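Enquirer: So the chains spell out like this:
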Amino acid sequence: MKNILDRNQNKANEVRNLLALKKVLMVNIISSPGAGKTTLLERTCEELGAKFRIGVIEGDITTDRDAQRLKKYNIPIVVINTEGGCHLDSNSISKVLDSFELDNLDVLFVENVGNLICPSQFDLGEAFKLAVVSTAEGDDKPGKYPMLFREAVAVLLNKIDLIPYTNFNFDSFSSDLKKINSQIPLFEVSCTRGDGLREWYDWISEKINISR
Amino acid sequence: MHESGIAEDLAAIVLETARRVNLSKVTKVNISFGQMIQIVPDIFEFAFRETVRNSIAEDAELDIEIVPVKMKCMNCGSDFQVKENRFACNICRSTDLGIIQGKELFIKSIEGE
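Chains as they are written, first to last, in our numbering: chain U, 4 to 215; chain C, 4 to 116.
I should point out that these hints are in silico values taken from the structure, not numbers from a laboratory. Please read all numbers here as calculations on a predicted model, not as lab measurements. Cβ coordinates follow ideal geometry from the N, Cα and C atoms, glycine included. Only true hints are included.
Within a straight-line C-alpha distance of at most 25 Å, the following computed BS3-like cross-link-like pairs (lysine-lysine) qualify: (1) C/K73 - U/K147; (2) U/K5 - C/K31; (3) U/K5 - C/K106.
Covered stretches of chain C, going by a simulated chain U footprint (3 or more residues, C-beta under 8 Å): (4) 10 to 18; (5) 39 to 47.
Work out the full structure, taking the sequences as your base and the hints as a guide.
Expert: Below, the structure written as structure tokens:
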């Protein structure tokens, strides 16, 4: 029996070992397009930019628009254009790691290509995966994409300020999520308004501190 | 569409193996995918066909086995199959689980002449 994704797995292990040596926490952020990954990164850079040395890898199909939005924080950003590809793989991460001064980084956020299925299958060598979902997408995401919610170490539910304008049912969302991954931390936030972000900042700060 | 990326890796392994053991034609590839990998067999087959076109594997039959998700309960030790995404022991309800199967992406065998 040979694992078909051996090549990806071997490269991911190399990346993981290198980042452990350099004490850099790599977080693989996975969501649908438009759930708010970039806004979450903007907020996180604003709040934690003075405390930690942050780097970002932007996975984007063809543009560098997300990277442009983060430029104002003066942090190292590298864009990987997948040219149509629906996910990042460990080889593309490994190639761009040379562009960072890893000795001068505490955390490296990888904004994966917006997609709930493919990115969850490819190990990038990250410390953990973070799933971001937004209320406007509906409450059925955990039930429909269980793999991501099993693989992720935390879930961030964004756009809670929009709940009154949608048919999002929080109880149904939360019970589906608990069925799949009962212990997973859930952050209920609005990245545009700022609700609930304090808990996220504290949690991610603790993770970064542990890896330093 | 992770099917295409996985199909490309599969094709590379099949062709390399065939070359190593001097096959002139690959006739069948037997693979198993865990249910959690969420592969759609028809899409996968299509992607694989595109990748092996004009190679010694272009007529190879693909046999895809989908493996259901099975977990072991770390609390009471029982094994169970996950149904309807319910990741909790069906005997003691514990959610402290280890995976037994369901994330496979394996090549079982490659046949050829």
